[in-house]
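Asker: Chain by chain, the residues run as shown.
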Amino acid sequence: MDKHTVLSFRDLSIGFVSRAGQLLPVLRNIDLQIQRGETVGLVGESGSGKSTLALAAMGYLKAGLQVTGGSVHFGTHDMFGLSRSALEFVRGGKVALVPQNAGQSLTPTLRVGSQILEAVALHSDLPPVEYERRVMALLRQVRMPDPQAMASRYPHELSGGQQQRVAIAMALAGEPDVLLLDEPTTGLDVTTQAHILALLRDINRETQTAMVYVSHDLGAIARVCDRVVVLYAGEMVLAGSARQVLLSPAHPYARGLLNSIPRLSQSSLPEALPGRQPLPGDVGDGCSFVERCALAQPSCRSGRPALQFLPDGAVTRCLFHDRSGEMALTRPARTTALRVGAGATDALSLNQVAISYAQATVMQQLLGRRPDVPHTVADITFSVGAGQTMGLVGESGSGKSSILKALAGLNPPIAGRMSMGADQSLAPHVDQRPPDHLRRVQLIFQNPDDSLNPRHTVAQILAQPLRLYFGLTGEALYQRSIQLLERVRMGAHYLDRLPSQMSGGEKQRVAIARAFAAEPDIVLCDEVTSALDVSVQAAVLDLLNDLKRDKGTTYLFVSHDLAVVRVLADSVAVLYQGRLCEIGPAAEVYAAPFHPYTEVLLGAVLEPVPDKSPILLAEDIVELAPPAEGCAFQRRCPKKVGAICETTAPPWQLSASGHGICCHIARDQLIPATRDAGQHD
Amino acid sequence: MTSSMAPGNAQTSTWMLRLGQTLRAMASRPSGAIGLAIVLIHLLIALSSPWLVPFDYKAISSLLILSPPDAVHWWGTDHLGRDVFTRTLLGGREAILVTLIATPLAVAWGGFVGIYMGLVGGKLDDVLMRLVDALLALPWILKMLLMIATFGTGLGVLIPTLAFFYGIPVIRIARAAAHNVVARDFVLAARARGHGRLSTIGRELLPNVLDALLVEGAMRWSWMLLAFSSLSFLGFGVSPPTPDWGLMVADSRTFLAIAPWSGLYPIAALSSLIIGINLTADALAKTLGVDRAQKAPI
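First to last, the protein sequences are chains S and D. According to this note's numbering, the first sequence is numbered sequentially starting from 252. According to this note's numbering, the second sequence is numbered sequentially starting from 44.
Any given hint could be a false lead.
Subject to a maximum C-alpha distance of 30 Å in a straight line, what follows is the list of computed DSS-like cross-link-like pairs (lysine-lysine) [unchecked claim]:
| hint | chain 1 | residue 1 | chain 2 | residue 2 |
| --- | --- | --- | --- | --- |
| 1 | D | Lys166 | S | Lys313 |
| 2 | S | Lys890 | S | Lys863 |
| 3 | S | Lys656 | S | Lys799 |
| 4 | D | Lys166 | D | Lys186 |
| 5 | S | Lys345 | S | Lys313 |
| 6 | D | Lys166 | S | Lys656 |
Think of the hints as simulated: they come from the structure by calculation, not from any bench. Bear in mind that the values here come from a model prediction, so they are computed numbers and not experimental data.
The shape of chain S in the complex, shown without the other chains (with noise of 0.2 Å):
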């Protein structure tokens, strides 16, 4: 290896023991050479053992796995074979991680500047006396506005990104060789894992740490890495710089993945990749990715692949690589989703809702008046049409939970009105409805593991609504429980399996089951892809798109992700702190004129192409409640008029087609100048 090569993997295999006995591999013949300064993502999904490997360069096995064969170095040290106080001095201190959810890893009860001090006094040679300093210039090195000021607060005082922050400050307190990350923004909102990303990159120019970065997540692996790793089933399938796997992936899983992810430029659905990955242990004698692929032959059954070397310097362990090309890396437009013309009579519609979670104080209480905060979420007014989609898009905190469980009679609303269908009146709270109304509402929620019970089996779940809404009971029951599994592609032998024996995308599926049991008029979406796999993902929005052309069902569909809500809506409302800022035709709605958080939110999408970023227009403050008075949007917006937003409300400029914007801006200045107005067209 050259003088150049700071951590390096040789022919690294990892495994645990089942208690079956078996030496099952978690990681398979990792070779890995990482130089000075240099950024590699290594992506795959969950279970493909990324984070495992991540790990490893630290020394460190999770509980139950051991090497089974090669070794990781570090410099010259053998990380596996170093001393304990070696491995301290190297852990944390030249090798250091920055863990996912930064929140969970800092102490709560320490202030971060003595937090940080901390990991300076561990792993840095400077004297006591120099601790402080050196606190501030890290705090100053990660972009921290205030650092005097941020020292002194407690974790929980700060907002995701600032955490995050703090968590990347304490890792570099040792001025590290190598920074692992471990899917630091995964869980942020847009914005702020647009800016995060942008720090990494400055980090690494500045400090020239190389830095290795985990995740699931092509458009951040895009932003940061210049080299990028392909795992999957525990094995490297495809190596190569970020341009060659991102551009032209010379491996069919590789394409498989970007081609599962929605993007902002394409109304289509994205192509789901078939099947799951291997677990370990169920890999055959082939190539592990034979079972999904479409491009596999007799021959790829027998024998694993080798790595090739390819002429443009990226390696891949597949024997047709140069057949990838085959397979389309645009979409084809058969998969475009159902959109229904306007005209369509509405579905449901919200007017004036507002919602409060201010607590009356006790003499607000014997008064009985108010809290005198302004409302979390005020001044909802929309419709969807029957059979349509309606996107609701927003960073946390924007309230578009509030108002799905306002919908769902969870969150009673403190005022407007919220109807369905021919001018029926939904009652605000779920106990005060009808049960036809309670049936034609159905919920659909971000998780599934906290939304299906973990004690009951797929058929005790499905038998649930069915029971309730149909009294459905023997054998009709369980002919309708196999029916709705058919429906969403599962079959019979999943009645008896607990959500503990499914994987993600398949409990997912059960909960979308679950809603459509009841066949319902609206199903509300919460973030239902979120918590998945993009390849998974992918599957879900296509079996959602299916059951809506069957049914004819309206969909309220919540996320943050605005790629994903492009590929289903037909319509987009965007949300800021509770308040709308734009609504109207999704295909409007994403193409200018925009109104400016819009403009911010779109810019800070991540896409999985080199070379291109985003646009970062706002600070990514984290604001804990709306302005009293005027545009919620006034305290970040790059475009901000000047006296006119903090006192006024903005008013509502409508074009011919129904598209809204919520700005004091005049619409045809609300087009973006620098760039190509049509660009997310």
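Since the structure of chain S is provided, determine the placement of chain D on it from the hints.
Answerer: The following block gives chain D in isolation, referenced to the frame of chain S:
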């Protein structure tokens, strides 16, 4: 489920399967194996002792007062010349019977109220939990004696009294366990579908709270045994000449210095059963993953 539909059968078989798995997992821990063995032996003795014992438990003999253990009276005799072995073997029957009835009652009512409060919350919950705190603050012996003074003694009073007072700490446990589940989306989903509260408790909450209740039940059982024996010791439990461990300890305590055997064997019997139950509860908790690290003695 009337027909041979799959879900119903699946439900029963999963329960049987889980019970078998749990018992096997418990027995594989040393504490579980020892605890289960002790409890099982005690239950077998309580069931079969009327046919096992060598003497009549009522037979008094002025010649045999406080005679030490020998080949005939293995564990000696007490101050009335009755056979200690016979009386010790029979002495747990009342206590075990009463507590085996009262414990499930306590867990059932305490569990239901606790889960209900955890689900409903609000003002009712606030008021009721303060009442629970107040009741927990009183020493148990005071509460028990108050009930006995009011309603008299006998099994018809003891069982409901024990079940009532020992259900109160169960409310706290069940409420806390339900709180962890209530916030989860599947409970919200049941509410959004329009299921009633009872159906939500039975279908969604109970299966997830049951583990905590089972462990709590085992703990309550051992505390209740101790309480029952204490009442007998004070003369409010079993009336003579029926043999009972608490009563035997009370009778023998004046002679402990000269005839330790008359008190030692019932004490050993009671302690071993309680230790056995605690070991079993411990193994059950570890097997089910319920944390019972800080459990206040009540």
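Asker: Against the structure shown, which of the earlier numbered hints fail to hold, in ascending order?
Answerer: 1
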